[in-house]
Every structure is written in C-alpha cells, then in structure tokens.
Amino acid sequence: MAELPFLFDPRGYEFQNMVDVLRKSAEAGMAALSNEIRTLERQLEEYRQNDEFDGERDEDGHVLWDRDELLSHEISLAQEALIELRKAFAIAAYHHWERSVQLWIAQKHKVDMATGISVRKTKPARGYEQLSNAAQEIGFPTNAEFQRVVTLANTLKHNSETYGAKLLELWPDIFPSRFSVRPKTLRVI
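Using my numbering, read the sequence shown as starting at -16 and increasing by one per residue.
In case anyone wonders, no lab produced these hints; they're calculated from the structure. There is no bait here: all hints are sound.
For lysine to any residue, the following SDA-like pairs were computed, each having C-alpha atoms within a straight-line distance of at most 20 Å:
| id | residue 1 | residue 2 |
| --- | --- | --- |
| 1 | Lys93 | Ala117 |
| 2 | Lys70 | Tyr111 |
| 3 | Lys149 | Glu112 |
| 4 | Lys70 | Ala11 |
| 5 | Lys149 | Ile74 |
Turn these sequences into a full structure, and let the hints guide you.
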C-alpha cells in the first residue's frame, strides 16, 4: 500500500462528512423557506396592486380579515421559521462536535493498544472546557476561534443576556450594525 504524504485519520473524514451533510441540509431548508417567502411576497404585492377586496366583513362592513393581512402573517411565520431553522442547524453543528469528541475519547480510552487493558474509568467529559481539554489530550486540538461557535450555540439555546453579551464581545461581526447594548439588556433598535 502506498504511503500518503499526510496523516489521514478516518475520524476527521467522518466528522467533516457530517458537517457537510448538516450544511447541505441547512442550505436546502433555507432555500425552500426563502423561496416560500418570495412567493408569498409576490402574492402580497399582486394583491395590493389588484384593488379587489378578498376577505370577510362583519354585518356593519368592518373588515374581519383580508388577503393582505393573511399573506403578511404567512410571510412573518415563514421568516420566523427561517430564523429557527438557522438556529437549529447552528446548534446541531456544535452538538455534532460535542458528540464526536465524546466518541473519540471513548474510542481512545476504551482499550490501551499497548497493553490491551481497559483504562480510564473516569467520568465522561462534559461542557466545552472539559471536552476541549480532552480533545487536546487525544490529539484533536480545538481551534481558538471555536469558542465563538460555542458561545453562539449557548446564546441560541438559552437566550441568555450573559451569553449574548459574551457573544457580542467575541464575535461582533455577526450582529447587525444597528445592534446596541443597554445595561443588563441586549436589544435590536
């Protein structure tokens, strides 16, 4: 068998493969929702230009609902779904890293290859600090920028001001330019 000019580890290949699957899934879902939003926005624009009422009025002639309100609401729901989809995939990507590191640690310490003896009967690593340190020990160092991803996932999962402020400090580029922080409160203005 020919020797490769680099070190190949199938765990890295599998990890990257799953990241690619998650990315492609996210892109497909976001494309579908974005198309739905564009379709609804076209329908809303066409309805507004039509000048024909499509809806329901009560006996006094007051509008109970009309197509404009219905389409506007559907657009809002689809936009919210798009945001939630993005959050879900960001969290899934981080959880994939966590599960992968836990698996690699278990594989590494299940059996000592030199002696064939089962080793390391310690509690499994949990949380970013422990997982990152354990990954380093087994030869999978975490990129220094990865703390941003961890904080993003925690901010999305917990909707916490503490995580939000930390995320703003670590990764200000992902916030809109109109974003401002008030003491004890994060908000978009």
